[in-house]
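Q: Sequence:
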Amino acid sequence: MKKTTCKKRRLQKPEPNGDSPANGPRAKSIRTVNGFNCSTSEPYPAYSSPTSDECLSVRDDLLNLHGFPREFVKYRKERERLSECCSVVDGSGGELAENVKSESVLDGLVKTVLSQNTTEANSEKAFASLKSAFATWEDVLSAESKCIEDAIRCGGLALTKASCIKNILSSLSKRRGKLCLEYLHHLSIDEVKAELSTFKGIGPKTVACVLMFNLQKDDFPVDTHVFEIAKFIGWVPDEADRNKTYLHLNQRIPNHLKFDLNCLLYTHGKLCSKCSKRTGGRQRKVPENQSCPLLKYSKNL
1 MKKTTCKKRR
11 LQKPEPNGDS
21 PANGPRAKSI
31 RTVNGFNCST
41 SEPYPAYSSP
51 TSDECLSVRD
61 DLLNLHGFPR
71 EFVKYRKERE
81 RLSECCSVVD
91 GSGGELAENV
101 KSESVLDGLV
111 KTVLSQNTTE
121 ANSEKAFASL
131 KSAFATWEDV
141 LSAESKCIED
151 AIRCGGLALT
161 KASCIKNILS
171 SLSKRRGKLC
181 LEYLHHLSID
191 EVKAELSTFK
201 GIGPKTVACV
211 LMFNLQKDDF
221 PVDTHVFEIA
231 KFIGWVPDEA
241 DRNKTYLHLN
251 QRIPNHLKFD
261 LNCLLYTHGK
271 LCSKCSKRTG
281 GRQRKVPENQ
291 SCPLLKYSKN
301 L
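Mapping to our numbering: the sequence shown position 275 is 275, numbers consecutive.
These are computed hints drawn from the structure, not numbers from a lab. Worth double-checking, as some hints may not be accurate.
[As the list claims (entries may be wrong)] Here are the simulated DMTMM-like cross-link-like pairs (lysine to aspartate or glutamate), alpha carbons at most 25 Å apart as the crow flies:
| no. | residue 1 | residue 2 |
| --- | --- | --- |
| 1 | Lys146 | Glu124 |
| 2 | Lys274 | Glu54 |
| 3 | Lys244 | Glu54 |
| 4 | Lys270 | Glu71 |
| 5 | Lys166 | Glu195 |
[To be verified] FRET-style restraints, in silico, Cβ to Cβ:
| no. | residue 1 | residue 2 | range |
| --- | --- | --- | --- |
| 6 | Leu187 | Asp107 | 33 to 43 Å |
| 7 | Arg79 | Lys296 | 22 to 32 Å |
| 8 | Asp238 | Glu144 | 20 to 30 Å |
| 9 | Glu84 | Lys296 | 32 to 42 Å |
| 10 | Cys147 | Arg79 | 11 to 21 Å |
Beta carbons are placed, not taken as given, at the ideal position from N, Cα and C, and that holds for glycine.
Between the sequences and the hints, there should be enough to build the whole structure, so can you do that?
A: Quick look at the structure:
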């Protein structure tokens with residue numbers, strides 16, 4: 001079985017807020033992703049929140065309330081295993097066993113596409129149905145779009161998502177000659193953003209999720225839940241949109257807290273009605289009489 005190499009990460013000088021410049025000046029040349037500016041220039045340089053201490057405090061409060069979300073445990077373990085592996089390789093770059101990664105990057109990208117505008121349960125069913133209907137990604141590429149749509153219909157927006165998946169596979173085949181995204185492991189965050197931005201239909205949240213979950217890089221996706229809570233607790237100005245929230249939080253949040261904090265904010269946003277505007281029909285697992293730990297951080301109360 002072919003093995004991938006685990007290259008030693010370059011040491012970078014920490015920023016004053018404790019975060020390392022994972023996204024350096026080169027990002028300013030990165031193209032927009034479906035209208036989303038992926039440069040990493042700070043949109044609110046004078047806005048001091050969140051501080052490193054605030055990030056740590058919120059992480060600990062949510063961890064005490066929810067525990068670490070079970071759905072993200074496997075990704076957390078992969079990050080730990082990768083970190084352990086990279087800590088023992090020599091300067092020539094040793095080898096990383098294939099079993100360190102339980103989910104391919106291409107699988108992760110397609111999973112994230114299927115998760116758009118639907119529930120986790122439905123997106124998981126859609127991915128399982130797709131994998132059951134087609135033995136390989138090559139089979140998906142050669143299949144009629146209608147067959148792909150039928151396989152993922154339970155996840156919603158089948159026409160749009162099937163077109164996106166087909167485009168990813170077609171572009172990847174033409175550009176790389178094979179349906180594999182493992183080479184992204186050896187690129188910088190900026191390079192990954194530039195690469196994934198070339199696939200039609202792949203937006204900023206999808207790119208950030210692949211970076212964080214499948215490439216084990218220090219990025220901070222901003223979905224609706226994270227965005228709402230960030231506004232609620234004053235981590236971004238009232239006028240901030242998701243684009244600027246993403247840029248600001250990735251500059252302010254220390255790299256070593258990004259993964260856990262993002263998973264916990266996402267989970268809390270789904271479960272707590274007190275700090276989320278979009279209650280919808282979601283089932284709330286946090287009792288209404290239980291105080292939300294984030295209320296004490298809100299600048300709007």
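Q: Look at each hint and say if it fits the structure.
A: Against the structure, the hints:
1. Lys146 to Glu124: holds, 20 Å
2. Lys274 to Glu54: Within the cut-off at roughly 19 Å; holds.
3. Lys244 to Glu54: Holds: Lys244 and Glu54 sit about 19 Å apart, inside 25 Å.
4. Lys270 to Glu71: Cα-Cα ~13 Å, so holds.
5. Lys166 to Glu195: With Cα atoms ~17 Å apart, Lys166 and Glu195 stay inside 25 Å; holds.
6. Leu187 to Asp107: 33 to 43 Å: violated, 18 Å
7. Arg79 to Lys296: 22 to 32 Å: Given about 30 Å between the Cβ atoms, the range holds.
8. Asp238 to Glu144: 20 to 30 Å: Because 48 Å falls outside the window, the suggested range is violated.
9. Glu84 to Lys296: 32 to 42 Å: Taking Cβ atoms as reference, Glu84 and Lys296 lie about 36 Å apart, which means the hint holds.
10. Cys147 to Arg79: 11 to 21 Å: Between Cys147 and Arg79, where Cβ atoms are some 36 Å apart, the hint is violated.
In this structure, the hints that do not hold are numbers 6, 8, 10, in rising order.
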